[in-house]
Amino acid sequence: MAQSPVAISNKDKIESLFQMLAERGQGDYIGEKISQLEHSLQAAYFAKETGADDETVIAALLHDVGQFIPFSESKDLILNGENVGRRSHETLGEQYLRQMGFTEKVCRLVGAHVVAKKYLTAVDPSYHAGLSDASKKSLILQGGPFTADEVKEFEKDPYWKEKVQLRKWDDAAKLEDFKAPDLDNYADMAARSLVN
Numbered sequence: 001m002a003q004s005p006v007a008i009s010n011k012d013k014i015e016s017l018f019q020m021l022a023e024r025g026q027g028d029y030i031g032e033k034i035s036q037l038e039h040s041l042q043a044a045y046f047a048k049e050t051g052a053d054d055e056t057v058i059a060a061l062l063h064d065v066g067q068f069i070p071f072s073e074s075k076d077l078i079l080n081g082e083n084v085g086r087r088s089h090e091t092l093g094e095q096y097l098r099q100m101g102f103t104e105k106v107c108r109l110v111g112a113h114v115v116a117k118k119y120l121t122a123v124d125p126s127y128h129a130g131l132s133d134a135s136k137k138s139l140i141l142q143g144g145p146f147t148a149d150e151v152k153e154f155e156k157d158p159y160w161k162e163k164v165q166l167r168k169w170d171d172a173a174k175l176e177d178f179k180a181p182d183l184d185n186y187a188d189m190a191a192r193s194l195v196n
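Residue numbers (the UniProt record's numbering): 1 to 196.
Hints were generated in silico from the structure; no laboratory data involved. Please note: incorrect hints may appear among the correct ones.
Claimed, not checked - Calculated cross-link-like contacts (lysine-lysine; reagent style PhoX-like; alpha-carbon spacing at most 20 angstroms):
#1 Lys174 x Lys136
#2 Lys118 x Lys156
#3 Lys168 x Lys118
#4 Lys179 x Lys168
#5 Lys118 x Lys179
#6 Lys105 x Lys174
#7 Lys33 x Lys179
#8 Lys174 x Lys33
#9 Lys105 x Lys161
#10 Lys168 x Lys33
#11 Lys168 x Lys136
#12 Lys33 x Lys136
#13 Lys118 x Lys136
#14 Lys156 x Lys105
#15 Lys152 x Lys174
#16 Lys105 x Lys13
As the structure is a computational prediction, the values presented were derived from the model and not from experiment.
Using the sequences and the hints given, assemble the complete structure.
Spelled out as structure tokens, the structure:
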């Protein structure tokens, strides 16, 4: 008689995800002087402090999860011999979180933090000047700023404002001497952001 698969609880899913983030997030955040995990925790902290809803806070925390996911053939973004990130990490992250059972909003926000940078560089000339060198380099490899038509299309999305705000938290989350609350502070919120 075949055994039925054992269901994994939301709590167990989050514990496993957070363990991966803690283990794989200790390396430096590409081109910055903080770890990938510190960057993610800072983004979540900024989201929470500005009153974002739980799903948006969790999207801020997990926006770079595609940088953490192990896979056999890394497809890094290389510009002039310098690694500036993992190619399509936003898409990898969105797909990974969807498979884990996160809400559509969390997944879509994670999947759009790169295009939000393209949007912002198109609509705000001062935005590009404020980007870190690593972010400017990755923008080149991500296709540069949006065209006017792409801006209009982006603004049709019901989450476009949250996507832009998440991008701004992403940009701000590069502080060297700032200690954000740790992963455990987000465990219950993350579990509530799962639909199955």
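Checked hints:
1. Lys174 x Lys136: Holds, at about 14 angstroms.
2. Lys118 x Lys156: Distance ~15 angstroms between Lys118 and Lys156 Cα, so the pair holds.
3. Lys168 x Lys118: Cα-Cα ~12 angstroms, so holds.
4. Lys179 x Lys168: Holds, because 19 angstroms separates the two Cα atoms, which is no more than 20 angstroms.
5. Lys118 x Lys179: violated (29 angstroms)
6. Lys105 x Lys174: Violated, at roughly 24 angstroms.
7. Lys33 x Lys179: Given pair Lys33, Lys179 holds - Cα atoms ~13 angstroms apart, limit 20 angstroms.
8. Lys174 x Lys33: Holds, at about 8 angstroms.
9. Lys105 x Lys161: Measuring from Cα to Cα gives roughly 12 angstroms; hence the hint holds.
10. Lys168 x Lys33: Holds, because 18 angstroms separates the two Cα atoms, which is no more than 20 angstroms.
11. Lys168 x Lys136: holds (14 angstroms)
12. Lys33 x Lys136: Holds, at roughly 16 angstroms.
13. Lys118 x Lys136: With a Cα-Cα distance of about 11 angstroms, the restraint between Lys118 and Lys136 holds, given a limit of 20 angstroms.
14. Lys156 x Lys105: holds (15 angstroms)
15. Lys152 x Lys174: violated (30 angstroms)
16. Lys105 x Lys13: holds (18 angstroms)
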